[in-house]
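Visitor: Could you build the full structure based on these sequences and the hints that come with them?
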Amino acid sequence: MTRIRRLLLFHKFAGIYSFHFAICNVTINSLHKTKLFTFFAVAAPRLGVTVRGFCTRAAPLDFTQIQIARLPTVVILGRPNVGKSALFNRLIRRREALVYNTPDDHVTRDIREGVAKLGDLRFRVLDSAGLEAEASSGSILHRTASMTANVLARSNFALFLTDARAGVHPLDLEVGKWLRKHAPQIKPIVAMNKSESLFDADDSLATAANEMCRLGFGDPIAISAETGLGMHELYVSLRPLLEDYMLRVLKDTDEGDHENSHDENSSNLDVDESKLPLQLAIVGRPNVGKSTLLNALLQEDRVLVGPEAGLTRDAIRTQFEFQGRTIYLVDTAGWLQRTKQEKGAASLSIMQSRKSLLRAHIIALVLDAEEILNARRSMKHAEVVIARRAVEEGRGLVVIVNKMDLLRGKHKSLSYEKIMEVVPQEIQTIIPQVTGIPVVFISALEGRGRSTVLNQVIDTYEKWCSRLPTARLNRWLQKVMSRHSWKGQAARPKVKYFTQVKARPPTFVVFVRGKTQLSHTDIRFITKSLKEDFDLGGIPIRIMQRSVTRNDTSGTSKNSHSVGRVVAERVVSDKRNILAE
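With the first letter of the sequence shown counted as 1, position 468 gets the number 467 in numbering that gives the first Met the number 0; the numbers rise by one all the way through.
Keeping only pairs whose Cα atoms sit at most 25 Å apart, straight-line, the calculated PhoX-like set for lysine-lysine is:
| no. | residue 1 | residue 2 |
| --- | --- | --- |
| 1 | K250 | K116 |
| 2 | K116 | K354 |
| 3 | K411 | K379 |
| 4 | K530 | K493 |
Hint data in this document are derived by calculation from the structure and do not stem from the laboratory. Here the structure is a predicted model, which is why all the values come from computation and not from measurement.
Guide: Set out below in structure tokens:
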């Protein structure tokens, strides 16, 4: 006996009847299932209803197996303060974009990109700045609107976000006109955000939906980016559009491209750590040219630039290829000391910049050449804090002196040469923990020094990932210890062996027999010799020592397997025990 329990729920939303069903405790054969689903598939369109439920047909396309570069692009548009960044965070399932309620200001200014995960759908999603059609020419809003128009021209679909509580705002109508003008080929999906409070009131949601139809883009979808309400409705609206697009893309792709991509992927499986994607964070004080440098490295206008200080708020992460290597660039907001007076979006920007520093492999500290000349010192307090924080966290450091074009000319030629000579010396004096910090002099506005910066960053990254064999290290250590001046033969520690237990950054352990330990002077001597002989300048090196008793001599091989685990715990948990340079 077949036991079928059906739950039929009808509700009216924006003039559309939706038919929901759920089948529980089904014990029927495949033939009966096929007949039941065929009935719903044929009857539903004739009744003018949309079928949604737990039982759906098998997905013809698996978006999780498609390369990110081939995924469709969906851009989120709308007037300011409607929740675009909150929806972006909801789709990518991470809190990356800054979200702050500022009715009189605009938090998002740059285009942020991520991979959305909506059920089994995968697509590239772009978070844009708020649009205002009446922005004055040359203003920040006008420049952000131009960037949004350029991104919209390269996008495949658009989400037009509105505020359900405010209804149709005059700016919403202006944004609709702007969309028809700049992207007539795209019909956006209208989504009413902040609609969680309207479900409790009588017919308030239907009234708001009917009002949104004035925009002329069809029936809207009620969602809430904060609570996740309406994500299923958004999934149902996007699924057929994204499927049709991907089927066309895959159909146009030749079979040879699939074979080549398969061969490339299989050949890149066995690579060393230095060939992995590089994470580069561009940090510095406000208005030193960080965003201009990022645009110069990418050779495109990716982020907003201008003479205004503090223009960048979000930490913008982008990807590009250089000499066959994948590099992730992160443009951060200007680094300032966080005070009690700093609140709101400015405070969130400072926190996000610090998190970006911790996630990066290499830190590019940008300085202003003109400020160095006027202040007669290379680094201010905030820049010293950044450099020392990078060294403490074990990150590679590259110093970039920008705006060198302002020092060219007959009257400033001496200043140009003096800065190139004095700045590396002062940086070495300020940060004595790391010797050989690379300093690059560029002009990001003119695009000069791009290749020099990238080559220096890659060289520092390869040193940061370097690993040295134990046999070579021990042969080297014997020569180094023989030329070191000891206070006395009795005071000389008995070094058993020397090994590298970790890379990124290089971490070494020296095993000493007996009670006599290496002093801080001895550790500094070994570190300096290590950098000179193995060309490891410009990166932090950590050297730890461990005592080995006579009872441990027989079990050396057994204990050596646990060295990596012990050192890794000390590196993360207690940095005071690490003699780092």
